[in-house]
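Enquirer: Chains as they are written, first to last, in the numbering used here: chain A, 941 to 1342; chain B, 941 to 1342.
Each hint should be verified, as a subset may be incorrect.
Treat identical chains as interchangeable: a pair holds within one or across any two.
Claimed, not checked - Straight-line distance between alpha carbons at most 25 Å, and here's what the computed DSS-like set of lysine-lysine pairs gives:
(1) K1068 / K1080
(2) K992 / K1068
(3) K1002 / K992
(4) K1068 / K1002
(5) K1148 / K1051
(6) K1182 / K1002
(7) K1002 / K1216
(8) K970 / K1241
(9) K1053 / K1180
(10) K1159 / K1182
Treat the hints as calculated values from the structure; they're not laboratory data.
Protein chains: 2
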Amino acid sequence: MLIVKKFGGSSVADRERIFNVAARCIEDYKKGNDVVVVLSAMGKTTDGLIAKAHEITPNPSKRELDMLLTTGEQVSVALMAMAIQSMGVQAISLNAAQIPMTTTTAYGQAKLKRIDSERIRHELDSRKIVVITGFQGVNKYDDLTTLGRGGSDTTAVALAAALRADRCEIYTDVDGVYTADPRVVPNARKLSEISYDEMLEFASLGAKVLHNRSVEMAKRYNVELAVLSSLSCAEGTIVKEKTKMEKMLVSGVAVDKNTARISVLGVKDEPGIAFKLFDLLARHRINVDIIIQSIGRENQKDISFTVDRTDLDEAMALLRENMEVLTAQAVECNSAVAKISIIGAGMTSNPGVAAKMFEALSGVHINIRMIATSEIRITVLIDEEDANRAMRVVHDAFSLAE
Amino acid sequence: MLIVKKFGGSSVADRERIFNVAARCIEDYKKGNDVVVVLSAMGKTTDGLIAKAHEITPNPSKRELDMLLTTGEQVSVALMAMAIQSMGVQAISLNAAQIPMTTTTAYGQAKLKRIDSERIRHELDSRKIVVITGFQGVNKYDDLTTLGRGGSDTTAVALAAALRADRCEIYTDVDGVYTADPRVVPNARKLSEISYDEMLEFASLGAKVLHNRSVEMAKRYNVELAVLSSLSCAEGTIVKEKTKMEKMLVSGVAVDKNTARISVLGVKDEPGIAFKLFDLLARHRINVDIIIQSIGRENQKDISFTVDRTDLDEAMALLRENMEVLTAQAVECNSAVAKISIIGAGMTSNPGVAAKMFEALSGVHINIRMIATSEIRITVLIDEEDANRAMRVVHDAFSLAE
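Please model the entire structure based on the sequences and the hints provided.
Expert: As structure tokens, then:
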């Protein structure tokens, strides 16, 4: 069996944890498996390197920043190979250029294009554990690139696809995917299985277990993922195309506090205004999530929408500059809001789901400010101060703890 | 003009020094020159990485150690490129694999084989300052290698040769090559020029201004070196084939305390014994420097020689194991010794030079324990406690301060 195992930065933060990971890899290896290990930079290394760059300049070039950051994973893989070797098992570390893992040229947010599996196969065939740098690639200019935060998950999935691995195991701080954040909802239950689409909704809603792009890639190449804890041996959650639990309406509840609401008030009620507004934001790469538009009265209407809280200042500045073009009377915002969502592949054909959610919230006097739905998700915008309470009542309403 | 500038680790140890180096590079660039900068790892980075490896295992594999250490220079070059860019000048950092600089496979002590100048030329042609990792290379397996301590000097000289640079400037903590160590001999004088051969003798005798291999390479490819201070703008020392100062007998005095004397006593006075002894040491890569052999008496003789103090324990263990084969009665050693040398291209044809040196030493009652001479050097072994005093009297005897 060929197993790809990915460990994040906290799993290799110090000597003891490095040896813990080494022991887990050797355990699989000694059962006769081929083992590929993907690592992030140790602990807070990447943050430390970014701080060093910012000591030099507030706006380092992205090409040079990637040149700097890619050293982080190289340190991890070299030390891991040493640790495995010191335990009597052959190992070799490889960076992105040595494989090579080719990416697009977009420094800081490159996308993997092609992985050459020859060198890895060669090392596996000579019975070595192969330790590979996550998060990075090399572009057509032979320059180093990074895949963006969380990119090591994507590296692991891409390697699993390229090598046609039998398993792709993603080790994290938590031991699987839960029906809700266990720190907020004490009786949250670990899911044994979840579909790619549900996982994507979870990830995009702030349950930061897996990097979104890695799930998309796993779905595309049908790579079965196991989400496991690097600290315990507990059974994790399997992410795959079809789950056995089709009958379950709702898999979980997720909260996203990185959101803010913007209202553009009193715009003319005529065609093209909404287009102008969202085109303006799109050109500045500001993602808009939920949108509601008031019914026009006296030839005027209001448009409200949510953006990531991190984009709020830029969005507000843009809108204020363009009030005339947008025919807006005023622009307002509120960042003390949160999105709460229920996610489940089974809810499509069950119209009662949304009603049950709204009922649970109104039962504890939580105001719903906006609503959005997709095939497998219902999201409502509420006040941030209500978020944790909302999570618990919705979790209970759908009996997710059982 | 194409200028290669090399800065050591202490010259890029922090933000301020990085900007100091950036400013010096930009100064040359703005005069219309093409500028290539070679950097070592920042400050004590390499020692820190070695310590990290030793936390994992006392004997890290050399291949993985090189994978680890090469990150050090990559951090330096990325930060330097950012600093230059932030000062408004185009720059790009390149590591050994990107160039590529090909080396032999001997991890930890690889030798440069070939430098591909295409990428560097391309970047210079687009008017960028090119910042290159010193000390490292890539071998035929695409694995990273290091050139051994001080290897960044060699990288700079090799780049200067490959690019047919007009100048190769090596920046160090000192501002040139002195007639003696200025910390010991206060009136030591800076040399404006010195020949490759003299520089080689200085370097091998502990005046650690330039890495020996870099001087050998400079001599082979006739690369004129300038040894300069990274802290001041003082005129440095030029190292080249022929110096203007042929008439000067002696260029300087150097002391080497990394030495120890071993005496193998009472060996049979018959052919082949000395060969056995030195062959044994050579097979264990222990360098032998000065050798003296007593005149045989009663079919016995004594052989004494010096080794690097760092090799002493290994050499003594080897000799004790092989006393029978070597027909030795006893093996003794003394590590409280030092080598003091005078170096000068002009001394070959001047038999009075040695006499003057010995006279100066005996005048202050310093015992000479062994003597060795080469074309441009006379070395004597003395007690370590006399070393600094010896340096001063010899420096005075040859009027080197004038």
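Enquirer: Confirm or reject each hint.
Expert: Here is how each hint holds up against the structure:
no. : hint          : verdict
1   : K1068 / K1080 : between (29 Å within a copy, 19 Å between copies)
2   : K992 / K1068  : between (35 Å within a copy, 23 Å between copies)
3   : K1002 / K992  : within (14 Å within a copy, 28 Å between copies)
4   : K1068 / K1002 : between (34 Å within a copy, 16 Å between copies)
5   : K1148 / K1051 : within (20 Å within a copy, 47 Å between copies)
6   : K1182 / K1002 : neither (39 Å within a copy, 47 Å between copies)
7   : K1002 / K1216 : neither (31 Å within a copy, 60 Å between copies)
8   : K970 / K1241  : neither (67 Å within a copy, 58 Å between copies)
9   : K1053 / K1180 : within (23 Å within a copy, 50 Å between copies)
10  : K1159 / K1182 : within (11 Å within a copy, 70 Å between copies)
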